[in-house]
Amino acid sequence: MEIANDKLLEMHRNLLTSRRLGEKLYEIFCAGGSGMPWIHRGIGEEAIPIAVCANLRKDDYLKLTFRLDYCLFAKGLSLTEVIASECMRDCSELGRPRSPYFDPDFGLLAHTGAGGEEIPIYLGSAISIMLKKTDQVCVCVMGDGFASRGPVHESMVMAASWNLPIVFMIQNNQYGMGTSAKKIYKMKDISDRAKAYGFPGETVDGNDVIATYEVVKKHIDRARNGGGPSLVVGETYRLAGHYEGDPQIYRPKGEIDEWWKKDPLPRYQKRLLEMGVLTEKDIAELESTIKVQMEDATKSALALPFASYENHLKTAIDEL
Amino acid sequence: MEIANDKLLEMHRNLLTSRRLGEKLYEIFCAGGSGMPWIHRGIGEEAIPIAVCANLRKDDYLKLTFRLDYCLFAKGLSLTEVIASECMRDCSELGRPRSPYFDPDFGLLAHTGAGGEEIPIYLGSAISIMLKKTDQVCVCVMGDGFASRGPVHESMVMAASWNLPIVFMIQNNQYGMGTSAKKIYKMKDISDRAKAYGFPGETVDGNDVIATYEVVKKHIDRARNGGGPSLVVGETYRLAGHYEGDPQIYRPKGEIDEWWKKDPLPRYQKRLLEMGVLTEKDIAELESTIKVQMEDATKSALALPFASYENHLKTAIDEL
Amino acid sequence: MAEQTQMLNYVSAIGAAIREEMQRDKTVAMWGEDLVSMRGAYGENPGMYEEFGDRIMDTPIVEQAILATGMGAALTGTRAIVSIMTTGFLAIAFDGLFMEVGGLRQEFGYTGPMPLVVFCRTGVGGGFGAHHCASIESTLMHSPGLKIVMPSTPYDAKGLMKTAIRDDDPVVFLAHGPVYFRGKQEIPAEEYLIPFGKADVKKEGTDVTIVVYAGMVRKALAAAETLSKENGISAEVLDLRTLVPLDIDAIVTSVKKTGRLLIAHEAMKRGGAAGEIAMRFTEAAPDVAKTLKTPVRRLGAKNVALPRSAELERMLIPNDKDVVAIVKEMMA
Amino acid sequence: MAEQTQMLNYVSAIGAAIREEMQRDKTVAMWGEDLVSMRGAYGENPGMYEEFGDRIMDTPIVEQAILATGMGAALTGTRAIVSIMTTGFLAIAFDGLFMEVGGLRQEFGYTGPMPLVVFCRTGVGGGFGAHHCASIESTLMHSPGLKIVMPSTPYDAKGLMKTAIRDDDPVVFLAHGPVYFRGKQEIPAEEYLIPFGKADVKKEGTDVTIVVYAGMVRKALAAAETLSKENGISAEVLDLRTLVPLDIDAIVTSVKKTGRLLIAHEAMKRGGAAGEIAMRFTEAAPDVAKTLKTPVRRLGAKNVALPRSAELERMLIPNDKDVVAIVKEMMA
Ligand SMILES: Cc1ncc(C[n+]2csc(CCOP(=O)(O)OP(=O)(O)O)c2C)c(N)n1
Ligand SMILES: Cc1ncc(C[n+]2csc(CCOP(=O)(O)OP(=O)(O)O)c2C)c(N)n1
Ligand SMILES: [Mg+2]
Ligand SMILES: [Mg+2]
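Residue numbers (numbering that gives the first Met the number 0), protein chains in the order written: chain L, 0 to 319; chain V, 0 to 319; chain W, 0 to 331; chain X, 0 to 331.
A portion of the hints provided could be inaccurate.
According to the in silico footprint, chain X covers these stretches of chain W (three or more CB under 8 Å from chain X) [as the list claims (entries may be wrong)]: (1) 89 to 102; (2) 124 to 136; (3) 261 to 271; (4) 279 to 289; (5) 293 to 301.
These aren't lab readings, by the way, just hints derived from the structure by calculation. Glycine residues also receive a C-beta, built at the ideal position from the N, C-alpha and C atoms.
Produce the complete structure using the sequences and hints provided.
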């Protein structure tokens, strides 16, 4: 598959931005007082959301894993909105929903505290697409852990039965909290799961931006053209602990170091350098541009007011 | 596989008994006043439960589909107990639980009004087996319809991960209420579903007693010997409406007639006659024995008192 | 005048409301188990598929997905009606209903519309066991964002269903199964809507206020008749119609007049709606509460599971005689 | 004397109870998410795997199966403890818990044992959003067969957990997360059990009875101190410890003395446990209810969803100042 240079560069910009954004959020969290209740870092896993977003339009529906929600900037949110959402600020001053993570007009229906419950909610957007007969699609990225849950299965059954325009994607970062995916899934290839529903399944190296882009594109195009649902499994690795502070006693020695070597960012940069699409100088310039953007966005985001008590109470449907 | 004549005859006796029992229950229901709130007939689908029971011991755990619960006599319940349970009588006068359908000592944990919820409950018995290190097994037979449900999937994930001694069986009678299984499942072979869990899956003609016996035996033996879970799909057909009174507008013309030709009872009898294991005279004699047993059991069952209000109130855990 | 009314039973009244709203608004769509193949699990949707085609759809048996897809569709341009066969199966989709449908928008401060009707058969009767007869409405009252409708008559059912479909917030519409096909009522041919949060005085009275909903309304009316004929007691029967929002003003107004309050439901007593309603009353009108002629009483089903027996079931849930007996105690 | 007590925090007290019972009875086993790999989702099970091996097990993320396997195992010879990380995830397994664990035996009239403890973290705090902080205990009270334990202190938690594990009926043990690691308490080294259905007077008083459980106990005690110091009001603080069975006698006894009843919980007000408790009180002691000096009052969280904000959360749930304010109103 030939990928246009523009697309390659867009993905590089987004990949680098996502890395710096993740670092920035971590910095904000560690500084304290930001309003961020906790942090589950997604470092090293950004290639999947970035490659997915590179195939979507603003009016497509997208769920990322909670760990990588901040990559939603690649779906069209501003960095300010992302940082503000993470820090429980109120974005309505920006003319947006309080949290732009919940904004159906941007194809975002938020994530829930109970992992897996979003999948059938998002499937509902695929029903709207079917009823409206548009060429939108819905992509649901979920973790290897939450993929075990009942509603995920029910969604796959229903998607298959109704031939809905949805791509299920499992971001297999090898762990759900402290539990290794290998202890849960006994089949060689997790994408074999698609066979249970009679739709296509495919596994891809989720730390390889270009490979992921190509595989995801194939399945999204298929869904957009009425081909129905499918399952893509992206293999990657959770380089951080489950949460900040996790002692990670479950991790075999050396495993992390092996995976750091497969970090998608330098890998992709090396590839683009080799392809001559990018120079070291471009990278350096982009780094400084992003740095400035990040500082600006942080400042604007943290200047926004916290979600207000009075407004929150207005969401009541009866007496308080 | 060589099957002993005794086993073949046991299955024949049970198959014939189950047919006559189903008819008797229908008669009791139609007469009214029995205490039976409704009836969902299982006629024509008895080969699967009978072949399963032929492979089980009293201390194995077994769930049948709600439609064929009456085949539990083949697991060791008396005909009286079965009829009494269906008619909400109190079996405690027989020294048994009020409803012997809920009797863990006989491997029975009842069925729930919400189809599919039993599967993880039964899976719990497989955990007890694992903890006690016995050679018992658990077999869960479920309908094609309820097989779609989330808890069934979660049970399969957990069974695979823990390598539990359980055989999942889907009794595909082609319909869940009015919905054709073909509208739900898009894969050619429903037993492909096992690939999603990395355990074996196999489909069998569920109207062929011997074939079903052999396939089920293989998987039960495997589970008993520590081989872990598997999935068997038995293809059969719901010859009756979903419930008594169902106008069955969803049924394509002629479909029922085709399946009546595959009725497991005459098929099995023909086979045994050909094999010389059975004579027409044996069948006639067995019919009259069963007829007497059935009348006796019905009389004893309906003579039992209804489940009592006072005893029911005793199940309260706090004030009433 | 005759052509301006129709005689409809409960389930046809609901069907008529859905049909009218689907005709009126092309974004209304409905899905659930066997709505097409069996014309509704209880035969309640005749002719819908013929008229609306793929806007009415059969699902696999996946209650969690049915419920949650309703929410997702409602957020993305569909006015969704999802059908869950019985409240027992609503328990299966409890997380999606209670937490997501009832709270996720609020959790994220999203104020846009989410027009979802969760349509579900409820009510005790028939001896089909706990899942087919469960009454779990009180548990749903504890969810922050669910409106709960429980009509007792065909007339109310039709007007409330139309309001539910037009509402931009999620509504749980619990239809009373045991009266689906029991008796017809005169229904205006012209359109009417019944607002949420307005209780209906089904019978006026001066001695005691009986607050009821759904299946208890009929029993309370029968009891009121007995009380009037045999005991000279004048009972007012107030049908809540919606549990959330709750028409607390109507309760207070009535109790101001009668000085006595009885709350009755077919749901199990412990944790049932009566406790909540009594507390709301006391909070809303402490002065009226202080001058009650007798403490607030309630009736509910015995605190045990419903077995598969029509007879035991009948003995476990309150009937008109229980209402009569408790009212007589309250008057003593 | 020192060697006869240990200083334990809340979570260690629970861990000690489980450990002792696992030592005592080989049929006790426990499973849930990350009990081994992370020593408990909140690090609450250190050393358990080392001591008990495969009697403590990690599951996939399948709450419905975790819950229901507990029931099946409990019916077949295992004294099962299943761990569900938070009550929000209990909502996922609601059908299994409410209908099957809480009712299936009764539905079929089975009277044999089913020794199951559903262990779950609950309680508001941290701003982690609705699922991680939900309080859905009142919905579980509506299930026919669930005992519900909600201890407020390490001492109570240990004694109640041991009772729960030995009970032959299913018990939902809702541990108060926000105090897991907050402060140690002196715990007797020798074995003790605390019976279900016995409330504990955490502070005696004569003017008002404050009925509380779990996280509200601490706040009620703080309020009682303020009321005593600043207003000369003597509040009695009654910690229910178990919601089902409910120690209605203790409530009546206390209110007979004080003449005033306040019920407070961190759970959302509408449909919370307070309404039920108030109604039970009125039913159990109508004469005491008639002579109350002021109508029963309650405190609960505002009727909206919990957002992901520790600050908003704090504002939404009642605190000691709210208790002080409402008691002052009740004394006015
Ligand atoms: C239903 C549910 N159960 C448990 C949890 C607690 N929990 C939070 S993250 C997590 C692990 C999820 O694993 P995975 O899906 O692989 O995502 P990852 O963390 O690897 O990105 C768990 C169990 C939850 N949030 N929801
Ligand atoms: C969770 C749940 N949803 C819906 C129903 C209503 N219902 C009763 S039987 C049935 C069909 C079941 O189909 P299948 O599993 O194929 O069993 P069969 O009737 O064919 O034996 C349905 C939907 C139910 N009992 N439980
Ligand atoms: Mg993971
Ligand atoms: Mg079927």
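Checked hints:
no. : hint       : result
1   : 89 to 102  : holds (count 8)
2   : 124 to 136 : holds (count 5)
3   : 261 to 271 : holds (count 5)
4   : 279 to 289 : holds (count 6)
5   : 293 to 301 : holds (count 5)
In this structure, none of the earlier numbered hints is contradicted; all agree with it.
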